[in-house]
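*Asks:* Sequence:
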Amino acid sequence: MAAGPSRMSSPQEVIPMARRIATADRVDRPQLLDFLRPRHHAILVTTRADGRPQLSPVTCGVDGEGRIVVSTYPRRAKARNARRDPRVSVCVLSDDFDGPYVQVDGHAEVLDLPDALEPLVEYFRSISGEHPDWDEYRDAMRRQGKSLIRVTIERWGPIATGGFPPELAEQ
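Residue numbers for the sequence shown follow my numbering, beginning at 169 and rising by one.
Worth flagging that the hints you see were computed from the coordinates, not collected in a lab.
Heads up, a few of these hints could be off.
[Stated by the list, open to error] Label-pair restraints from in silico Cβ distances:
no.	residue 1	residue 2	range
1	338	205	31 to 37 Å
2	285	211	35 to 41 Å
3	336	263	23 to 29 Å
4	336	218	34 to 40 Å
5	304	332	25 to 31 Å
6	205	253	24 to 30 Å
7	301	227	18 to 24 Å
8	243	335	47 to 53 Å
9	300	192	40 to 46 Å
10	253	295	24 to 30 Å
11	337	300	46 to 52 Å
12	195	221	23 to 29 Å
13	277	205	16 to 22 Å
Being a predicted model, the structure only gives us computed values, none of them experimental.
Heads up, the beta-carbon is just placed ideally off N, CA and C, and yes, glycines get one too.
Given only the sequences and the hints, what does the whole structure look like? Please build it.
*Replies:* Dropping the structure here:
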């Protein structure tokens with residue numbers, strides 16, 4: 169049940185519920201990467217040709233150089249937009265929707281095959297670990313014509329959770 173000011177346990181009785189206090193914790197780069205590595209759900213924000221935002225739900229990982237990586241196809245809007253305007257934002261979410269999240273801003277580069285092949289292997293490893301047959305995986309990436317978006321992190325906000333401001337939580 170969602171947190172709120174109260175819930176009804178019976179028509180006559182109101183039982184107060186604790187309100188969750190919002191958090192916003194500033195972190196350094198190593199702490200940010202520790203937060204990002206186990207989280208693979210994100211919203212990638214690119215800019216359309218008309219200047220409006222394009223939001224794409226994506227599965228992401230973190231490569232060995234600390235970049236956020238996303239697998240895609242060359243003709244997808246996110247890839248086209250990132251080629252045209254490499255300024256992107258990524259909101260990385262926890263598996264639990266109410267869990268902590270962080271917004272990361274950075275510079276994207278889009279890699280196409282054959283240059284994307286080994287970075288796609290690293291992408292898979294960063295999310296799922298070892299593949300049972302790497303030759304099969306590489307063949308599948310070639311057949312599908314996959315691309316990879318790499319986001320070099322330039323700045324980030326606090327690791328945050330939603331909730332009430334502290335001064336309102338006890339009211």
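*Asks:* I want to verify a distance hint. Is the separation of the beta carbons of residue 337 and residue 300 within 46 to 52 Å?
*Replies:* holds (49 Å)
*Asks:* Verify the CB-CB distance for residue 205 and residue 253 against the hinted window 24 to 30 Å.
*Replies:* This hint holds: roughly 27 Å between Cβ atoms.
*Asks:* Taking the beta carbons of residue 336 and residue 218, is their distance inside 34 to 40 Å?
*Replies:* Given about 39 Å between the Cβ atoms, the range holds.
*Asks:* Is 35 to 41 Å a correct range for the gap between the Cβ atoms of residue 285 and residue 211?
*Replies:* violated (26 Å)
*Asks:* Using the Cβ atoms, figure out if residue 336 sits within 23 to 29 Å of residue 263.
*Replies:* holds (28 Å)
*Asks:* Using the beta carbons of residue 301 and residue 227, state whether their distance is inside 18 to 24 Å or not.
*Replies:* Holds: the Cβ-Cβ distance is about 20 Å, inside 18 to 24 Å.
*Asks:* Quick check on a hinted range of 47 to 53 Å for residue 243 and residue 335, using CB atoms only.
*Replies:* Check passed, 50 Å falls within 47 to 53 Å.
*Asks:* Looking only at beta-carbon atoms, does the pair residue 300, residue 192 fall within the given range of 40 to 46 Å?
*Replies:* Holds: the Cβ-Cβ distance is about 41 Å, inside 40 to 46 Å.
*Asks:* In this structure, is the beta-carbon distance linking residue 195 and residue 221 contained in 23 to 29 Å?
*Replies:* Because 25 Å falls inside the window, the suggested range holds.
*Asks:* Could you check the hint for me, namely that residue 338 and residue 205 are 31 to 37 Å apart, CB to CB?
*Replies:* For residue 205 against residue 338, whose Cβ atoms are near 35 Å apart, the range 31 to 37 Å holds.
*Asks:* Residue 277 and residue 205, beta-carbon distance inside 16 to 22 Å?
*Replies:* Given range 16 to 22 Å: holds, Cβ gap about 20 Å.
*Asks:* Are residue 304 and residue 332 spaced within 25 to 31 Å by their CB atoms?
*Replies:* violated (50 Å)
Hint compliance for this structure: hints 2, 5 are not met, and every other hint is.
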